[in-house]
Structures are given as C-alpha cells and as structure tokens.
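Residues per chain, in single letters:
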Amino acid sequence: MELYKLTARQIKDLIEDKKTSPKEVAESLISRIEATENKVKALCLVDKEDIFTQCRELEKRSEHGPLFGIPVVIKDNICVQGQDTTCASRILKGFKPPYDATVVSRLKQAGAVIFAKANMDEFAFGSSCETSCYGATHNPWDLQRIPGGSSGGSCASVAADETVMALGSDTGGSIRQPASLCGVVGLKPTYGRVSRYGLIAFASSLDQIGPVTKDVADAALLLNVIAGSDIMDSTCVDREVPDYTKSLVDNVQGVKIGVPKEYFSEGLDSQVRDAVEKALDVLKGLGAQVKEISLTHTDYAVADYYIVATAEASSNLARFDGVQYGHRSASPRSLIDMYKKTRGEGFGEEAKRRIILGTYVLSSGYYDAYYLRALKVRRLIKEDFDRAFSHVDCIITPTSPTVAFKIGEKIDDPLAMYLSDVFTISANLAGMPGISVPCGLSQEGLPIGLQIIAKPFDEEMLFRTAYTFEKNTKWHKEKPRL
Amino acid sequence: MDIEYVSQLARMELTDKQKSKLSKQLSDILAYIEKLKELDVSTVQPLSHVLPLKNVFRQDKIRPSLPLNKVLNNAPSREGDSFSVPKVIE
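Those sequence lines, one after another, are chains A and B.
Under our numbering, the residue at position 92 of the first sequence is numbered 81, and the numbers go up by one with no gaps.
Just so we're on the same page, our numbering is the position in the second sequence counted from 1, plus 27.
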C-alpha cells in the first residue's frame, strides 16, 4: 500500500487497527521524499535519524493521542528544539532553538512526528517562495511555476505527498494563497486562536499559525490540537476550543453566503472567476443562500497592509543584530558597524526592501502620514466586514486572482508580487479566519482555490461550508503527476 | 525617500547598486500607497490590534526558565556567561 498518499484520518484508522505503524508510515514518506524532493525542493531540513527516534519513542507510549504517528512538516519560522530554524534567511543560519514553539510541543504531545522543516520566503516576506536563501520551491503541478508563498514549502510538500500535514504561518495570505496554487487545504485561524510562542515574528498584529492538509477533515483534526490559550502568548485568547471535527457535516441548508462584488473586478483571471462561480452554484444547489455584498474599502487593503506589515516587520527584525544568535559580520570596526554589516550581509533583497519601507513609514515626520493613516484605514476595512457579517454567515471569494505564475515572472516587480495577496490580506487586517479549498483546475491543469471567510472565532462555519463543498465535489482528489 | 538616511536608521548597510534599485522600487510602492490619501479619515479612530485586549494578567509566580548555557549556545561570540560584542565606548 502507498501509505504516503493517505490522509491523516486514513492513517490513524490503519494504525488503530494495527495494520501499520508510525515507522512504516515514516518509511513510506521518506522514500516518497527521496523520489520527488529533488524536483519540488519544498523542504530545507529532513533528519531521518531524528524521525526514527521519534517513532521508537511513540511505540513506547500507552496513550496514543489524536495525531499518533502522523508526520507533520513545520514551516522554517516555527521553532523546533535543537533543529535548525532559520526563516530561510542567511542571518539565522545555524540557529538551533533552545525550546519548542507551543504548536510544536502540542503536536508532540498529540503523538505527531515532527517530520521536516519547510522552505519559505525569507522571513515569510513573499508570495512565491522564491526569496529563500535555500533557493526556490517548485510547484508540484508544474515545476516551472511557483508554489505560492510564503508557506510554499508547507503547501508544496503536502501537494507532493511528501508529508501528511504541515504547519504554515499566514500574515497576509501566506497559508491560503500557496494552498490555493498547490491544490491543498490551507486554514488561517482567527487572530488569537493559536499560540504564536516560538513563531519568529513578522507582523505581530497579523501573524497566525495554521494547518495545511490534504482535505478539510484533516484541517479540523490539526486545528483541534494546536488551538487554545497559552500562558506564553498573551495575545492567544482564553476561550474554549470546540471539537472542530463536529463541524464536519455535509449540510449548508440555509447558510447565508456573501459574495463581495469588489473581488470580481479587473485583474481576476477569467478561469478563476468561472471556477468560483461554479462552486457557488454547487453550494446554492445544496441549499445555501448566496447574495452579493459590498466591501467598499477592498481597493485600499493592499496599500494598507504594506504599511502596517512592513512597519511591524522593521521593528520585529531589529533583533537580528549579530549579538544573540545567527550571523555576525567577520571584522566590524565598532558596535554600530557590526549591526550594519551583519544586517547588510544577512538579509536578502526582499527583507531589505521591507525593512527600509517599514522604517521609513515609522520615521519622524512620516508616521502620521503613513502609519497612523494606515491604522485608521484598517478600521474602515474591519468595519466593512462587521457590517457584512451582520447579515451573512460567511463570505466566499477566489483565494488568489490567478493560478500559479512562472518562476522569475514577478521577482523584480515587487508591487505586482504584493498584488497577488489582494484577496487574502483583509482577513488578516480584520482578524477573521479564512480557509482555501480546491475548487477547480485551469486549462493548463493548475489548481484554483476558493476562499471562505467567517466571523472571528467561527472556524466551525468554515469547516461546515468547506466540508460540504468537498463532499459534493471531486477537486480535492486531484493530484499532481510527479 | 532619502535612502541613505533610512538605511542608517535601520542600521543596515546597502551597496550602491542596492540603493539605486531599492530607490526606484520603493518610489513605485510609495506612489501606490498614496491612494490611502483619497479617504477622509479625520473622524476615524486608529485600529492597531483587532482583539479587544487590554492587559492580560497572570499570577506573579516564578516558573522554570531556560538554562543560561542553552540560551548562550547560539551566540556568535561569547565570553563566559555573557554575549561578547565589540567595544561600545571608545
């Protein structure tokens, strides 16, 4: 049996029935990685010895836990104790975290096998997974194309069946956009749903960790494990975590779906539009009520985001100065010279661009004109959604305006790259949960994704709607030929 | 944008080539960002954080922390139990 092709729920059942073991599952995935990874390049660290040590430890356990024996790949900005965690940046080369991120310790507790570190855009700055110091990840559906980003390695590894599940992080679409372009399920939970202790911060008012999986049910299973308050992260809300698998019901009867007209304007690829419209017809046919809504400040979201996110990033990345960890320039003349050279040598081009932009919008004389204004526009964007959610249960949009583009196509046009997050950014600015599920294939055979957004802390609505769609379509069963 | 000055604020050295490429790209991005000025925000309160959180309190109890050696292990340069840096005061 080809275990590597299965979902977490299928593997769980086989292990419970003693038809396979964590070790056999790991072996199957390792041989898959050996067959495909030289093409996809989704992973930046695979420690086979450590994987088998974990499997041996699991065999001694009396209590199995909800993810017993399930391999999970971790994005390279999430700390795994003792394993290189670099944010795909030269400046953090060789950094071995002295502790596990809360999500990682919860996975270990649940019996998961921490399988590999996933490639990403440097410091999660990007939408194409090309800015990594390890080189670009390739889309398993077409190796000439980008997998999306920044969680490109997490999504490409799940799409290529190199892992069963993965964790990504999402600041402006970094889970949902690559999930869409790789034909997998990606969920950004509500801001405050999942602890970020041990996530190397990009933009603290926007970042969330979330699941990347082969189907909706697995996403619920994984969110069950990682959600919930944490004494180590005061922004992680102390609020009961429902059993999300209970929301996996095939029923959208009476669910009110809002479709924002601003998301179907110029710049949207016609194949993406058609696929999303067909998906809405499916849901309508199953009893959902679909109505047009208006989110009037949509057109300002990308501009707003690139002020807020870069301002926060420039501040968060001040910690990389060559003192406590990572790279330090070889022979600095002074302390200040050490900072400047270390950062000049350690950060890649996109990181530099964002640090400069963020520093500028916060600098004296420009703060009010840029940063403060952006915070005010952020409120207007959030109020659009508050108004919409007073009369709909969820909002459906395309996840990305296009299918996966070619490697190199947008790398020298940062603004065009930023605009690939146009549909996902608002959920971060306003703190709502969003999920991307496969909803079609283009003529070239590239995946198209559907985004569902719900009210804060209503992940149950996402799971219900996404699960129903999945049960009544076949898109999640499509696989790339590798 | 005075890129020389901003890179000084960010304590980040840029080569001349990087400076000229960044200047061009950043001026395009800033021109795009200008569109926020179309909106009248004079009566809008800023939103820095979506959660209605203020202070989050916990018991002031000592819990175990990381051992010093583990913390210092990643340092590019150390001396005993300290991080070592170039001389700060001349």
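Some hints here could point you the wrong way.
Said to hold, decoys possible - Pairs of lysine-lysine residues, derived as DSS-like cross-links and limited to a Cα-Cα distance of at most 27 Å, are as follows:
#: 1; chain 1: A; residue 1: K85; chain 2: B; residue 2: K48
#: 2; chain 1: A; residue 1: K37; chain 2: B; residue 2: K97
#: 3; chain 1: B; residue 1: K97; chain 2: A; residue 2: K395
#: 4; chain 1: A; residue 1: K7; chain 2: A; residue 2: K245
#: 5; chain 1: A; residue 1: K245; chain 2: A; residue 2: K273
#: 6; chain 1: A; residue 1: K(-6); chain 2: A; residue 2: K28
#: 7; chain 1: A; residue 1: K82; chain 2: A; residue 2: K49
#: 8; chain 1: B; residue 1: K97; chain 2: A; residue 2: K365
#: 9; chain 1: A; residue 1: K399; chain 2: B; residue 2: K44
#: 10; chain 1: B; residue 1: K81; chain 2: B; residue 2: K97
Source of the hints: derived by calculation from the structure; they are not laboratory data.
Outcome of the hint check:
1. Between K85/A and K48/B, the direct Cα distance comes to roughly 34 Å. Violation of the 27 Å bound is thereby established for this hinted pair.
2. Annotation: proposed proximity of K37/A to K97/B holds, straight-line Cα distance about 24 Å (limit 27 Å).
3. A distance of roughly 43 Å separates the Cα atoms of K97/B and K395/A; the hinted pair therefore is violated under the 27 Å criterion.
4. With a C-alpha separation of about 43 Å, the suggested pairing of K7/A with K245/A is violated against the 27 Å cut-off.
5. At roughly 10 Å between alpha-carbon atoms, K245/A and K273/A fall within 27 Å of each other, so this suggested pair holds.
6. A hinted pair counts as satisfied when its Cα atoms are at most 27 Å apart, and K(-6)/A with K28/A qualifies at roughly 18 Å.
7. Under the criterion of a C-alpha separation no larger than 27 Å, the hint pairing K82/A with K49/A is inconsistent with the structure, at around 34 Å.
8. Note on K97/B and K365/A: the hinted pairing is violated, with a Cα-Cα distance of about 43 Å set against a maximum of 27 Å.
9. For the suggested pair K399/A and K44/B, the alpha carbons sit about 20 Å apart, so the restraint of at most 27 Å is met.
10. A threshold of 27 Å between alpha carbons decides the hint, and for K81/B with K97/B the separation of about 33 Å lies outside it, so the pair is violated.
Violated hints, in rising order: 1, 3, 4, 7, 8 and 10; the structure is consistent with all others.
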